[in-house]
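Undergrad: What follows is each chain in one-letter form.
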Amino acid sequence: METVNVMIVGVGGQGSLLASKLLGKLLTNEGYDVKVSEVHGMSQRGGSVVTYVRYGDKVYSPIVTEGEADFIVSFEKIEAARYANCLKKDGKIIVNLQSIDPMPVIIGDAAYPETVLDELKAKGLFVDGINAYELASQAGNGKSTNIVLMGRMAKYLDISYDKWIQAIKDSVKPQFVDVNVKAFEMGYNY
Amino acid sequence: MKKLMLGNEAVARGLYEAGVKIVSSYPGTPSTEITEIAATYDDIYCEWAPNEKVAAEVAFGASLRGARSACAMKHVGLNVAADPLFTLSYTGVNGGLVMIVADDPAMHSSQNEQDSRHYAIGAKVPMLEPADSMEAKEYVKEAYRISEAFDTPVLLRMCTRIAHSQSMVECAERVEKEIGDYEKNAQKFIMVPANAKKRHPFVEERMQKLTEYAEHSFVNRVEMGGNEIGIICSGTCYQYVKEVFGDSVSVLKLGMVNPLPVTAIKDFAASVEQLYVIEELDGIIENHVKSLGIDCIGKEKFSPIGEFSQATIREAFGKEMPAFVTADSAIPVRPPVMCAGCPHRGLFYTLSKNKITTLGDIGCYTLGSAAPLFAIDSTLCMGASVSGIHGFNKVGGKETEKRTVCVIGDSTFMHSGMTGLVNIAYNSTNSTVIILDNSITGMTGHQQNPTTGYNIKGDPAAAVNLEDLVRAIGIKRVRVVDPYNLKECEDVILEEIATEEPSVIISRRPCVLLKYVKANPPVKVNKDKCVGCKMCLKIGCPAVSYKDGKAVIDTSLCVGCEVCMQMCKVGAIEKGEV
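Line by line, the protein sequences are chains A and W. Per numbering that gives the first Met the number 0, residue 0 is the first one in the first sequence, and the count goes up by one each step. Per numbering that gives the first Met the number 0, residue 0 is the first one in the second sequence, and the count goes up by one each step.
One or more of the hints may lead you astray.
Claimed, not checked - What follows is a set of in silico ranges between Cβ atoms, one per label pair, in the way DEER data are often shown:
id, chain 1, residue 1, chain 2, residue 2, range
1, A, ASP177, W, PHE85, 55 to 65 Å
2, W, HIS445, A, GLU133, 26 to 36 Å
3, A, LYS57, W, VAL577, 53 to 63 Å
4, A, LYS122, W, PRO520, 38 to 48 Å
5, A, LYS57, W, THR39, 27 to 37 Å
As the list claims (entries may be wrong) - Lysine to aspartate or glutamate pairs mimicking EDC-like chemistry, simulated, CA-CA at most 16 Å apart:
id, chain 1, residue 1, chain 2, residue 2
6, W, LYS2, A, ASP32
7, A, LYS87, W, GLU319
8, W, LYS1, A, ASP32
9, A, LYS88, A, ASP69
10, A, LYS57, W, ASP553
11, A, LYS142, W, ASP553
Keep in mind the hints are simulated off the structure, nothing from the lab. Glycine included, each C-beta is placed from N, C-alpha and C at the ideal position.
Same shape as in the complex, but just chain W:
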């Protein structure tokens, strides 16, 4: 039966149908639903690992033992998992191993728009790229065939518009793949120089064989539509090209983006008068085509920045653009904001008010950088706040230490904040690290993590005790604050930054969107008392606004956190009635 499926759901379905036994991942938009949905199949063991490197190595171990295994991550997650990937290329696999990586052109929810195809080229492993949900499912299964036939890990590249678009999928039954035998094979799996030297030629040979595969595989196909214009494309660009041209131009649609075929491209180029390469982000296919001595139009017409659409194609080919009108009034932007009642708000207000330099990290709390709080000084990558503050303080000295903190979420701390904290303790700076413990991985939509006490299925699991952990690392000063309590927050932060010793402040309160968190009744504005001073607007709560000289509470949003109440100097905001 045909079913409308999200690209990520289709990948999960592909894992199920391929007989995959184990999936280990760390959440990251736009890849998260792959593992969440895979976990709904009882035949697949799924888990949230602390980070992508761990996840990829779990997949390696499972493959070594003989099972089909997978891990899924966003593009920057592959940076974290790059270490196992590059040597996995040498060892190859026992059971099939597929790593799914989701790029985010236009950075809908990311800190950069790196092109993960470079990893496939660098690690010398095959990479498939589907153009819709049905292909996503089928390519997963093909990826396992390739993995086992060519003894290689396989990358499956998704992008936001494929991962988060629904299209029709025809489901099939699961084909069980029994766990194979494990036999020690030192030369293949112990990558010491003597063995690795023998494996490298295997990798080069494998790439040649994979190129041969690419020449004939069903994943690369030609759709002829005249001899005038020929377009080479893959993934989402294929859809935009077809949207604009239908069958009126010839298309070489590449489902395998590494290695790229040679003969197939030469033949296609020879069959058309003008060759175009249309690809989002970097000109990887274009460079390959040009390296074959074939002339083509690529990045001079199609930007390496952002994502494309049918409009991009229309414009580049000088086609008529649809007419439209716009409003004359300026439409104020609507950036994402911390939710009403978000526990991070009170803490960020305290940092902002005291003009404390704050190295930030990756998560919902990155929103503390926005107006009106402007509470964050840097955001680089997962864990960089904790490692970064050490470097910042080392060169800044005592005066810097006394006005600097870093903030990192509970899940991000587990991911890669811990090692930075070890460095602070070991190499000694008087850094103040604030762990924003909201008891969930928030930004990606509520995934459990090693601190929450639950696993991916929602079953009870061992929980990391953050206080014990940071003490074991060697931090003697550990404080816990409730971020809804502004005075407590301020007192503790000022005390800890002044102390000439490394310290950790755990700002603890569960995410207000968690189902078990009960909202309080909305607070009320006493109009007689309100003097219209706008102090309550300084915390940037979407539930508090200002109309006709008075503060107004949006009762549909307010959860009664009472942070605005503490802001009010005249007592005009009052507790709601139960």
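Chain A on its own, in the form it takes in the complex:
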């Protein structure tokens, strides 16, 4: 099979490492060759962060470049737009409809482009917006935004619901399994 490319993007501290851990676990359970490339260190401090997950029969490069991503899962609105150049023409953007002002906006040096997702849609990109933070809060913990988004992506992948649930159980501490399973369902059934 062709290698599938996923990008998980957001703001440092939003939990993209857990999302990639879950995805990595799921895909190895499925028997795929998997590579995950993460960002540690400086940009974790509230900066724009990107994690690459690639899987297939044989994966070489650990990263995804322009026009290659099948999925961009974004934790924040403008982060989805920042990396839209990486999306394949028929790729899918799954985005948490949350705005987090970057420092240039906070201090008045730049404006937050509110309509940027509509622009991307107008250009023919598939953009699936979801209030993942709110859904995660309803599920019991806003920090599970990442898992709500994984639940949403699961809709588009050919991997069974049960296997996702198993991967969640394998990836989080026992006391957090219930809230994360609930968060996953929120995204999956949205």
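Position chain W against the provided structure of chain A, taking the given hints into account.
TA: Just chain W now, with coordinates in the frame of chain A:
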């Protein structure tokens, strides 16, 4: 069983399987997890040393006593550990010794993008470079075999994309390596001129033998794919080449990047029509190939700057690039920022407000250089703030002394700030040194250090008392401030820079991300009182923004540090409710 592992985790696993007894390191992105994860194996003694030189020398001592030992560091850490490395090359080892060095092409989290292969060449020691996690683990074990067979320290070169990428690893059992006997061997281990003169020819001979090893070792391999194009590459570049070409070109994949083979390269070059060398950073393999009289295409097509990707390869070979679209709106940049509630913020605001020249150092607090605080004038390397301010003040004189400070974190001060402070006291400038003591090594993700009172395992340990230490160095004026208290910060800083005596201000408050630090309830904006003056935005807190003419607090980020409350002149920001 196969397992998805981070490159650094795989290195740690390799250390475990190789029977390594001791690992001493100083944290540094992208190398930190190697030692953190090694510390989870009870069979390996691990520690955070105060700096990389100490770490490398601990590894030397352990090797001398007969154990397999290691140290891990980022590329600039090897600059610090270069002194022991160059002479370790002469002494060789008793137990195997491996130094792991992680380069950071594209500078994801570094101050330069130096190529550590130069150290292997300069110190005349072998260097291995894996291309994925499985290789990382296997090369660690091979590095110990080489170290002991050839009597040499061995460098293992990682880079960000290998260190921080996960790929599949097949684990094996640990093979215990008993600690060998120690016998005094003056000619080998006492590097005075008479002995060192005898060891240098050994080093040269060893390089020849290692070149012979490189000709036949499994770590260097040819994958033939036609005679038209041949590519020599190593590490992450191998993955990008395979991603683009699959098996349609021939590849000489080098797992050993020093010394480089001669015959293997000549044979490979002879088997293809057009030879390319694809390597990130400097053209080291290319220069070697050209020194053999072989023509190749290298740096004229592949930049010495930044990191590569499959797109780099596609573009260089004129392949079709995938189509894509972008948004038309300008997307504001999102640089890393100090966290909401970061104790450094209040201090930097005070420095910025008073237009104080501030020599900076390496750590989270380097972020004080960014908008809107712009509070830092220089960042060079670990410890350079404290040494630098002395030189700055020596030539600037009293007027400069009265408007200049330097800032350095607790861990960085332990690493290499102390010696600079000794110089300030000894050679006397009226410098003001601010130690930003947040009780942890922050930027690399919370490692303990000699000031925190805990070791790498989280067990209680001796703690350096900073006040006692700086007094012992000869600094009489030592002040401690709470950086959440803006008035106290300002009063003390202005007093200390005005004083004609060297002084140390310890700005003390633990990192807000530490688990034991309890957040206060988020502060609130009283909309009736807020006049929209934007004073609270001047501290650059990610939790404070401005909407519809009023300040807004992001309650999901705010930890109630109340620094913004002190900024507000009309009392519009109020304490949160418990």
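Undergrad: Looking back at the numbered hints, which does the structure fail to meet, lowest number first?
TA: 10
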